[in-house]
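Please build the complex by placing chain A on the supplied structure of chain S, with the hints as guidance.
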Amino acid sequence: AQKITQTQPGMFVQEKEAVTLDCTYDTSDQSYGLFWYKQPSSGEMIFLIYQGSYDEQNATEGRYSLNFQKARKSANLVISASQLGDSAMYFCAMRGLGSNYKLTFGKGTLLTVNP
Amino acid sequence: DTAVSQTPKYLVTQMGNDKSIKCEQNLGHDTMYWYKQDSKKFLKIMFSYNNKELIINETVPNRFSPKSPDKAHLNLHINSLELGDSAVYFCASSQDTMNTGELFFGEGSRLTVL
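Chains as they are written, first to last, in my numbering: chain S, -15 to 99; chain A, 30 to 143.
Bound-form chain S, shown alone:
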């Protein structure tokens, strides 16, 4: 079975600062994918970034980067230069053979960006 743990129910950050959202995972799969999604108050699920377990480099997408530490089984999301529009719920998720490739989500972190 696969498990995703997000230990921060809520985080606060000042506008223009960087913030790290934590995610750890547990799996016995050798090959798996890690994902981050954003859910603003309007409710839609927005894909942010993907990291494959065999990717040697950390994934980056604009202001988003994924700090992947395979030995520690962590996949933290780093948001640089936070903006007010970044205030949202953030979900870490993974897919792998052990879960029949379904996307398994963590419980989410609510990020609030203060002006």
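These aren't lab readings, by the way, just hints derived from the structure by calculation.
All residues carry an ideal CB built from backbone N, CA and C; glycine is no exception.
One or more of the hints may lead you astray.
Under 10 angstroms between C-beta atoms, here's a sample of chain A residues computed to sit facing chain S [what the hints assert, rightly or not]: (1) 69; (2) 70; (3) 71; (4) 73; (5) 84; (6) 121; (7) 123; (8) 134; (9) 135; (10) 137; (11) 141.
Chain A in isolation, oriented as in the chain S frame:
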């Protein structure tokens, strides 16, 4: 054009009624999903179909029945609605069933059972 569209967006109904939520994707994806998001925002998979074939069926009451008439559509029918069924239901699709592709989500359908 919306990639994954769900209807209706809001649904308010009485306990014991039967209701359906429809989902369509125009991305040409082979795999579609239904997820349930509860009041604590926890997202849990319910079903997954690949090319109209059921491949994932989590522990979901028999009152929930998915139907996939073709690979672009995945509908969810719920019989004898209960208070606990109140949630946001998300349809999603992906290019494949492997671990590399992200899921594209619809906007969600908020079901309220009174």
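To see whether the hints hold, each was checked on the structure:
{"no.": "1", "hint": "69", "result": "holds (7 angstroms)"}
{"no.": "2", "hint": "70", "result": "holds (5 angstroms)"}
{"no.": "3", "hint": "71", "result": "holds (6 angstroms)"}
{"no.": "4", "hint": "73", "result": "holds (8 angstroms)"}
{"no.": "5", "hint": "84", "result": "holds (7 angstroms)"}
{"no.": "6", "hint": "121", "result": "holds (8 angstroms)"}
{"no.": "7", "hint": "123", "result": "holds (8 angstroms)"}
{"no.": "8", "hint": "134", "result": "holds (4 angstroms)"}
{"no.": "9", "hint": "135", "result": "holds (8 angstroms)"}
{"no.": "10", "hint": "137", "result": "holds (5 angstroms)"}
{"no.": "11", "hint": "141", "result": "violated (14 angstroms)"}
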